[in-house]
Amino acid sequence: MKIPDHETVDDESNRFKEEKNNSNHIFQEYMWMENEEEFDKEVMKQLEEEALMEQCIEAMLEDELENKVPLDGGSFISEFEKLALHEKVEIARKSTLNPDAAEFVPKNSV
Numbered sequence: 004m005k006i007p008d009h010e011t012v013d014d015e016s017n018r019f020k021e022e023k024n025n026s027n028h029i030f031q032e033y034m035w036m037e038n039e040e041e042f043d044k045e046v047m048k049q050l051e052e053e054a055l056m057e058q059c060i061e062a063m064l065e066d067e068l069e070n071k072v073p074l075d076g077g078s079f080i081s082e083f084e085k086l087a088l089h090e091k092v093e094i095a096r097k098s099t100l101n102p103d104a105a106e107f108v109p110k111n112s113v
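Going by the numbering used here, 28 is the number at position 25 of the sequence shown; the sequence numbering is gapless.
Be careful, since some hints might not be right.
Computed beta-carbon distance windows for the label pairs [as the list claims (entries may be wrong)]: (1) I80 - F42: 57 to 67 Å; (2) E65 - V108: 56 to 66 Å; (3) E57 - L86: 51 to 61 Å; (4) V108 - M63: 52 to 62 Å; (5) M56 - L86: 58 to 68 Å; (6) K44 - F83: 48 to 58 Å; (7) I60 - L86: 45 to 55 Å; (8) Q58 - S81: 30 to 40 Å.
No lab work stands behind these hints, which were simulated from the structure alone. Ideal placement from N, C-alpha and C gives every residue a C-beta, glycine not left out.
Model the full structure from these sequences, guided by the hints.
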């Protein structure tokens, strides 16, 4: 009886490992099917969450559109002018400048 060489044994074990790795690699993309029920539950949960989020966003948009008051051009301008006037009054109240001071007139430097 002939005793196999070390190299022959190593070659056969390497070939066996490669075949095993190849078979694992081939079926790796189908491994999710092993736990198909859990996978289905996760996917359904994600879809339900997405649907709920879409419903919430649509409801928020509808509420926003219902509460929005359309302004015509004239009323928008008058509202803006009132706001600007109110801001000027607030700035004047907070000012530390002397309202009775003479107007500043720069001198021409020659």
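Right, here's what the structure says about each hint:
no.: 1; hint: I80 - F42: 57 to 67 Å; verdict: 60 Å, holds
no.: 2; hint: E65 - V108: 56 to 66 Å; verdict: 60 Å, holds
no.: 3; hint: E57 - L86: 51 to 61 Å; verdict: 37 Å, violated
no.: 4; hint: V108 - M63: 52 to 62 Å; verdict: 57 Å, holds
no.: 5; hint: M56 - L86: 58 to 68 Å; verdict: 36 Å, violated
no.: 6; hint: K44 - F83: 48 to 58 Å; verdict: 55 Å, holds
no.: 7; hint: I60 - L86: 45 to 55 Å; verdict: 31 Å, violated
no.: 8; hint: Q58 - S81: 30 to 40 Å; verdict: 39 Å, holds
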